[in-house]
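The task is simple: from the sequences and hints, build the whole structure.
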Amino acid sequence: MARFWSIYFMSWAALAVALCLAAPSLGWWFPDTGEAMSSIGRRIDGLFYIILWITSIVFVGTQIALGYVLWKGAVKPAHEKATYSHGNHTLEVIWTVIPGIVLLFIAIYQMDVWAAFRMRNYAPGEIEAIAEVTARQFEWRIRYPAPGKPLMPMPQPDDVYTVNDLRIPVGRPVSISLRSGDVQHSFFVPVLRIKQDALPGTVIPVWFDALQPGSYDLVCAELCGWGHYKMKARVLATSEELFQKWKQEAVLLQADDGLQSASPAESTAADQAQTSTP
Amino acid sequence: MSATITPPAVSIPPGDEMHAVHHQPGWIRRYIFSTDHKVIGIQFLFTTLLMLMVGGALALGVRWQLAWPWERMPILGDMLFRTDGGQITPEAYTMLFTMHATVMIFLVVIPILAGAFGNFLIPLQIGAEDMAFPTLNMLSYWFMWPAIGCFMLSFAYDGGPAAGWTIYPVLAVLPQAAPGSGFAQTLWLFGLTFVGFSSMFGSINYMTTIINMRAPGMTLFRMPMTIWGMFITAILQAFALPVLTAAGFMMLADRMLGTTFFIPGGLVVNNAPATVGGGQPLMWQHLFWFYSHPAVYIMLLPAMGMVSDMLACMSRKPLFGYKPMIFSMATIAGLGFIVWGHHMFTSGMNPIVGMTFMVSTILIALPSAIKTFNWIGTMWGGKLQFNTVLLNCAAFVSMFITGGLSGIFMAAVPVDVYIHDTYFIVAHFHYILFGSTLFGIFAAIHFWFPKMFGRMMSDRVGQIHFFITFAAFNCTFFPMHLLGIGGMPRRYADPYHFPYLEHLLPLNQFMTYAAIVMGFAQFILLFNFGWSIFFGKKCGRNPWNSNGLEWQAPSPPPHGNFDVQPVVYHGPYEYSSPVSGENDYLPQTEYMPRRPDQSQGH
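Going down the list, the sequences are from chains A and B. 15 is the number of the first residue of the first sequence in my numbering; add one for each residue after it. 11 is the number of the first residue of the second sequence in my numbering; add one for each residue after it.
Just so you know, these hints were derived from the structure itself, not from any lab.
Derived lysine-lysine pairs resembling DSS-like cross-links, with alpha carbons at most 27 Å apart:
no., chain 1, residue 1, chain 2, residue 2
1, A, Lys95, B, Lys393
2, A, Lys259, A, Lys246
3, A, Lys86, B, Lys333
4, B, Lys548, B, Lys393
5, B, Lys333, B, Lys393
6, A, Lys86, B, Lys393
If we take Cβ atoms under 10 Å as the criterion, some of the chain B residues that face chain A in the derived model are:
no., residue
7, Phe107
8, Gly391
9, Tyr428
10, Phe480
11, Leu492
12, Gly497
A virtual CB, placed ideally from N, CA and C, is assigned to each residue, including glycine.
This is the structure we're talking about:
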């Protein structure tokens, strides 16, 4: 029975490793293609895989050690006494210093990713704020400035509004002003590896980029009430031209009162937008 | 059983109070409003095991919804949600996970460690006749009941509190924010306050008792690891808990007195008039986690201590690295005060502070690693007794490795940004709180049961319980790591309405089957526990051939614990010592001139 138990302990660890090895091919891995679609997301994934390697090696090593001591205990002859030992100073030093070095490596290695993600660019002066995203129970309200204009802190008469549909241009870092209209929410785009809580009473700038055009799920990651699971939205990344074109059309559509085909004010806005498009 | 010492006819000389009078009190004073630490400990144990059932049932509700969303839940759903046709509504779902966490943390894990085992073991293991403040100790138990009353009553108001156990503002502060944020949330806060009182009474008592009431010869570095765990936990609690209590009162003031500590102005919640105020919701998170991160160690360190004791005894081998174990435990506790920010990497606090918290969090992995290696070292070369106690202890170590390693991912801030509030986190803390602590508790129940009731629990039944629980536990919680990597957020009543999560449904169903098996396996434990109280094999004072002082007292120990004042000559881990002769153990009360492996110089 004792041998059975030591095998029992080793087999669960073996199954866990097998499951992790099989998971990507079974689709139980990072969403969609498994690859991050933002530049910072790829660096995060790189960090994830390094930590996964380190922890896997430690996991396998310690589980084998545990299985080994259990097995040795199981096959020990009945008349033999246990080793009388209160510890070993050298061993203590070894298993303090080696994990210390590994942990230090993990701590220092990740610093640059975090600095690039949130410290150097946290208040992005040079990154254009393209929209203000206001989370509320249970939807995302998005406000864009009119074509050619910068995003103002207060709503402007010619702003463009969408709900649950954030449009961004691909290929360049963009920034949003994240705020909450009621309780706390969290702006989470899994494929872009971006998450930021929307804090009531605070406007938080969030920058990210999309490397390829596509529609990415935007979900809420902070409990915000009974409809927390319903805050389904998308981030639609398109080419720069399509993004500007959509915004111009949206301005026209939003200002259309159904009486005139196009007002002079709108056409000037559209002209301005066209000249500012590279 | 000579339970009491005959009172001396003359006045008691100073320093001899141990032999003071022990009146046997009446039935109510003996079993209900008892001031005897053992009775209080057993009261805590029964109460927390009852609450474990409640918390487990709530968890099965959560699992049901994740496997078969919006379907009628048999038995439990029909009982709880009759008006909704046995179906779990989204409001009910938020309540389920909120109360699952509340019950498990505040009414099971914290009180079963400190309340049940702390109470029972501290005086016995240090050779005292009772706690320093017996009446305070009784109050510590009886303050649990108003708390349980408040939590249970809160179910009756709008379906129960539903803002998560972390009750982040503004959701939990404004009654209009959610159905459960009305009076139910106020009751919840009162419940939290009562639990806080209970913990604080216990904590003061444990510190005083351990410092002042040790038996002659029981120096600090002769104390068993259990006592060290309880001692460090009591210190943690005494310093961290006031912060939570204060924060709880601030939130109560926000809710009832019109203050705005946590409410910023201009929020339009659920079409109510805009809020007025200048509060900061982030402040709650800081105050809450300043307590609740040390609370994680409050929920772990006593189990670490008990497992160290049990592993040494079941390996018939001295604990490997006794002092490194103590120092690493103290380091974990110390660092535990400066890592709370790692719960808040995405919260909107200054990201530069995130770097500081990352470094302190990485640091805390080091003492945890040292402890793990020492546990394996303890078993290494030991004469392992493969019984329920050892199996559960080995499971503790194995699960602690897994939970500790998944913690490294969270300590890496950029990676945490992705996995924060996903099922990866759920997997991580269940590996620590269930995988480690609860398996440690299972071991402790089997190990100290003979001392509590004078009878043995069935080892065969215990092994069956362990076999099922261990397999079902890993089947339930290990795949959660994959859900988290897949980007499945926590606290979703219906994740499958997002296309990118649809394919996770079969995996979730498998986990729910495992969880149901695990839930029902706990009846084996309860059966074994209840049956053995009355029909278990009778045992003597020291059924495990263990060294600790508690095994020198009769089983169960009478009022006043020891028939002879114990005197301690050495540490509790002298197993298989060359000087112990035929026995492979040497009780702490037996004289040993010098530890055989130490040179003259020491």
